[in-house]
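Trainee: Chain residues, written in single-letter form:
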Amino acid sequence: MKRILFTLAGTVLLATIAGLALETASAADAPAESLKAPAAFESIKDKDARSVALFEEMGKVFTHPRCSNCHPRGDSPRQGMAMHIHQPPVVRGAGGMGAPGMRCSTCHGKENMPFVTGEGSIPGNPAWRLAPAEQGWVGKSLAQICQQLKDPERSHMTLAELQKHNASDGLVGWGWHPGKGRQPAPGSQTLFGELTQAWIDTGARCPQ
Amino acid sequence: MAVNFTLNGKPVSADVDPETPLLWVIRDTFRLTGTKFGCGIAQCGACTVHLNGLTRRSCVTPVSQVGGGTVTTIEGLDGPEAKAIQDAWVDIDVPQCGFCQSGQVMSAIALLREIPKPSDENINQAMGGNICRCATYVRIRKAIHNAADTLASTAEG
Amino acid sequence: MTDLTRTMAAADVPDDLAIHNVSGNGVSRRGFLIGSAAAAATLMVGVYLPGKARAASAGMDPAFAPNAFVRVATDSTVTVIIKHIEFGQGPATGLSTLVADEMDADWSQIHAELAPANTAKYVNSLFGVQGTGGSTAMANSYSQMRKAGAAARTVLVQAAANRWQVEPGEITVSKGVIRHTASGQQTTFGEVASDAARLEVPQQPTLKTPDQFTLIGTDVPKLDSRPKSTGEQRFTQDLYPDNLVVATIVHPPRFGATVASVNDSKARKIAGVIAVRTVPMGVAVYAENTYAALRGRAAVEVQWNAANAETRSTVEMEKTYSEAAKKPGLNARNDGDVEQSLASADTVIEAEYFFPFLAHAPMETLDAVIQFKDGKVTAWAGTQIQTLDMGALAGVFGVDKANVTLYTEYAGGSFGRRAQPGGDFMAEAAMVTKALGSDRPVKLMWTRENDIQGGRYRPLAVHRLRGGIDKNGNITGWDQQIAVQSFMKGTAFESAMIKDGIDSSAVEGSRELPYAIANLRVGQHLMDNGVPTLWWRSVEHTHNAYANETFLDQLLEKAGKDPVDGRLALLGDSHPRYRGVLEEVAAMAGKAGPVPAGRERGVALHKSFNTYVAQIAEVSDNGNGEPRVNRIWCAVDCGVPVNPNVIRAQMEGGIGFGIGAVLYDAITLSDGGHVEQTNFDRYRSLRIHEMPDIEVSVIRSTEAPTGVGEPGTPPSGPAIANAWRRLTGHSVHRLPLVPVTA
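Chains as they are written, first to last, in the working numbering: chain A, 281 to 488; chain B, 295 to 451; chain C, 422 to 1163.
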């Protein structure tokens, strides 16, 4: 068959696996966005304003797909940087652990499992599950997210417990170590914990 | 390194790389071929087994994670739900090419064990991870309902 | 592997697998049979139906084998040899039904086996080669299998008559029991089988008249439902002969690229990897087990030469096709004067349609087991065109076909993918086996990524349609320009399929548009493209039916006509079978009552492979601005309905397959020509919650039976799109309906 050919400057392409679109992987492998330390906000004299600024910095983490994909509103988790609906279809189920016959644990294990046949991995963590529905925030404003975090009816946490969750929870921590092919959450969990503490210390103000 | 677990009721030991997906241990080592390779990335469900009683995609399960656990493949099924599901599958001729059906059957049985009388919504949620390229879904749904009815009438009788 | 595991595995082999063992030498595992060449010679291994297989199959000589299709064992088991591959469309059951009915056998004594490759015995009379496709299994076997069964019955009856010293005409047969009522004697097939084997077999036995059928036309239970519900059904993937080498392959990242150089040092360090070899279509990795073969595949580093590669994106291809379709192409049909009719029309509607490449994605990826030993080739695969695959094997190994044995295995789906005019997968598997240079059996198994990115897609197509309506609302002109590539060119099918420059496949279903439109032109533009393509369930009817039936629906709407009545009027009196299914489906939907709020209905009508199908889809919005197909009514006329249950199943499956593609699927190439989809995460398959309720009505026709594997697919897309247009006002001219996301 006669083919229409387009001349390539270089005719050689390096690939490790047949036909995989490597561009996608490299985009997702982009380094994490940075996160400022609390000290960077000390120049803000007004305590309330400083508190709001600290929360807005934390917001980079809350709204990052790595974190918000498992804080969906509704019953379906999201996937990827484009935050598309989880495939295969799954639902929240009891305790955010999925439905009978199709629990999170049907696929997700204790740690990431690299795919054997192609690029990527299936993410894993011993506590893999969805955040409670009341803590869904995909598409919400930072002000709304802040209000629901401070509302113990919805967050099921005191501010101190929230700080601990942000600073040291294992599943939350996965967001900074999501494995090859996934962009980590901004900064580090340590920094996120420090920001949370500083926000609480400044009165835990919310953006308007 | 040997990994020890229970496979279809019998203690087994697999001397394989601990990262080997359970699927290939089941198939290559133990030659139980009812569990299929379909996609390798937990999208299709053809490799579904029961791990400690719950559905598990064996293609993304390192065998090391199974250590000490109990694995049931389609060859090792037992119990009223399994019989009801498989009989219902045959009764209305669910399979076409049949390649995905082991996985479908394993998911359906797991569903009935938790929800004896599932709704259409329960079925959608439990079976949504099992692809059938022949699209036998109409009959899969009907067979699950039929099996549930059989179980209910058996329990009453 | 420890001793414990070995013991456990051996002990777990069920008894009924022992039939494949070779004289108890214990070499066979899980039913794989090929201990020796002698075994292959005496065993029929093409098929595996546990339980029922025991009696008549391997190792036990059939007492009576009147022809290539029927064998009767002394225990009365009747084995029907199926020359068509079984991957779900039901030929094993359907063709067995024909034999069983003519024999007056009891269904419980019937067992099916897939025939090995043997063109002389098992040719598809419609193709001239042994092969399955075009929904021809029933059409080309109907008389042949009935004759085979009738001949067997005649001889069995004669054998009983001889034994009892009575006239054959006084003997009746029912459910496998041969009776002479007057003398009160009765016997079974098995008891007279040996006698029958010594009698002459009639070449033209008397066939039943349709009123005498006992099984044909009934919902005979499928023969393979049980083993396919218990995991016992064996597929090529499940073959584990002793000393097996598992092979995987790395294909070029774009079509037409070739291997420039390979760094296999990392791959060869992986425990279990045996070798890495460059073959014409990529780089093969060989290992002692599948995991090692897959890891090796991931670790091979290949530099590719893309000098001859197709590097266009699908966006660029569409532009080229679109330009071509703006001009008249080679006429496949040209009635009246289209340009004149459009120029004088009161209203002219124009539409440009874009159809993407589609992958078949059968559940079992392509695979084959091949052994080259002592100058002989033995192969096991879900081969769909055995004759051509045999040729590929013989060619690659450089042996005479007499030294090639090819067994047809049950296959995990095909949808066209396993039917290869060039035998290219079999050639690839053969080259991979040959390159190892060993007499060990080699199983080449594609990954899903190999499959989705492996080409042989449904061709990309662009259609341009123009339609004219006169003042009275009559459709007076229809111009359809189809730009598509031909996959028949350069194949064994070219001379049969391309006549006077027209690829009858490319224009199928459009050239035969049944509607009475006085000025009608179908133009064909065969496009060059480096992406390899192939027939995909119902072939080019998929895009042609979509364009025809959605465009017609728009014209009828514009003309203020009802979609069903409008179609009926255009069919007139000359198309009773088209009318029959359309009227039937309209009645079915009518019985279901008014359209529920928030939903709309759309209709489509299409004939493919001589089977007529009409469908009405009821569609709503799924809440995300995407179609949710709630219900489909389907009426099918496929001639004599041999097994209505199988026909209904094929309509259900064909519809589901069509819906999945129309809603979600496209294979796209990025700039540079890289396929952007890799697996089921981005190449979506319809899932259970997206499947509509389906009601099928099978017309009780007396015409010769025609196929059902494919014809359910073409109408589903346009029926949905027509409903969606009525619901949303949005005409979908670019598939899939749900845009592909990154």
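It should be emphasised that the hints constitute simulated quantities derived from the structure, not laboratory data.
Please read all numbers here as calculations on a predicted model, not as lab measurements.
Worth double-checking, as some hints may not be accurate.
[What the hints assert, rightly or not] Lysine to aspartate or glutamate pairs mimicking EDC-like chemistry, simulated, CA-CA at most 20 Å apart:
1) C:Lys794 x C:Glu722
2) C:Lys748 x C:Asp949
3) A:Lys460 x C:Asp821
4) B:Lys377 x B:Glu450
5) C:Lys687 x B:Glu408
6) C:Lys690 x B:Glu450
7) C:Lys797 x C:Asp821
8) C:Lys892 x C:Asp986
9) C:Lys982 x C:Glu1021
10) C:Lys920 x C:Glu1116
11) A:Lys390 x B:Asp311
12) A:Lys390 x B:Glu313
13) C:Lys690 x B:Glu369
14) B:Lys436 x C:Asp640
15) A:Lys460 x C:Glu722
16) B:Lys304 x B:Glu369
17) C:Lys596 x C:Asp640
18) C:Lys690 x C:Glu709
19) B:Lys436 x C:Asp1114
20) C:Lys1012 x C:Asp1114
21) B:Lys377 x B:Glu408
22) C:Lys687 x B:Glu313
23) A:Lys460 x B:Asp309
24) A:Lys460 x A:Glu313
25) C:Lys690 x B:Glu313
26) C:Lys748 x C:Glu771
27) C:Lys740 x C:Asp949
28) A:Lys430 x A:Glu313
29) A:Lys444 x A:Glu336
30) B:Lys436 x C:Asp1102
[Unchecked claim] Negatives, chain B to chain C, calculated, CB over 10 Å:
31) Gly334
32) His344
33) Gly347
34) Gly362
35) Thr367
36) Thr430
37) His439
38) Ser447
Heads up, the beta-carbon is just placed ideally off N, CA and C, and yes, glycines get one too.
Trainee: Indicate, hint by hint, whether the structure satisfies it.
Mentor: Results for each hint:
no., hint, in the structure
1, C:Lys794 x C:Glu722, "violated (31 Å)"
2, C:Lys748 x C:Asp949, "holds (17 Å)"
3, A:Lys460 x C:Asp821, "violated (51 Å)"
4, B:Lys377 x B:Glu450, "holds (17 Å)"
5, C:Lys687 x B:Glu408, "violated (46 Å)"
6, C:Lys690 x B:Glu450, "violated (61 Å)"
7, C:Lys797 x C:Asp821, "holds (9 Å)"
8, C:Lys892 x C:Asp986, "holds (19 Å)"
9, C:Lys982 x C:Glu1021, "holds (16 Å)"
10, C:Lys920 x C:Glu1116, "violated (39 Å)"
11, A:Lys390 x B:Asp311, "holds (18 Å)"
12, A:Lys390 x B:Glu313, "holds (13 Å)"
13, C:Lys690 x B:Glu369, "violated (35 Å)"
14, B:Lys436 x C:Asp640, "holds (17 Å)"
15, A:Lys460 x C:Glu722, "holds (18 Å)"
16, B:Lys304 x B:Glu369, "holds (12 Å)"
17, C:Lys596 x C:Asp640, "holds (16 Å)"
18, C:Lys690 x C:Glu709, "holds (13 Å)"
19, B:Lys436 x C:Asp1114, "holds (11 Å)"
20, C:Lys1012 x C:Asp1114, "holds (15 Å)"
21, B:Lys377 x B:Glu408, "holds (16 Å)"
22, C:Lys687 x B:Glu313, "holds (18 Å)"
23, A:Lys460 x B:Asp309, "violated (28 Å)"
24, A:Lys460 x A:Glu313, "holds (16 Å)"
25, C:Lys690 x B:Glu313, "holds (16 Å)"
26, C:Lys748 x C:Glu771, "holds (14 Å)"
27, C:Lys740 x C:Asp949, "holds (13 Å)"
28, A:Lys430 x A:Glu313, "violated (26 Å)"
29, A:Lys444 x A:Glu336, "holds (19 Å)"
30, B:Lys436 x C:Asp1102, "violated (27 Å)"
31, Gly334, "violated (6 Å)"
32, His344, "holds (13 Å)"
33, Gly347, "holds (19 Å)"
34, Gly362, "holds (16 Å)"
35, Thr367, "violated (7 Å)"
36, Thr430, "violated (6 Å)"
37, His439, "holds (13 Å)"
38, Ser447, "holds (20 Å)"
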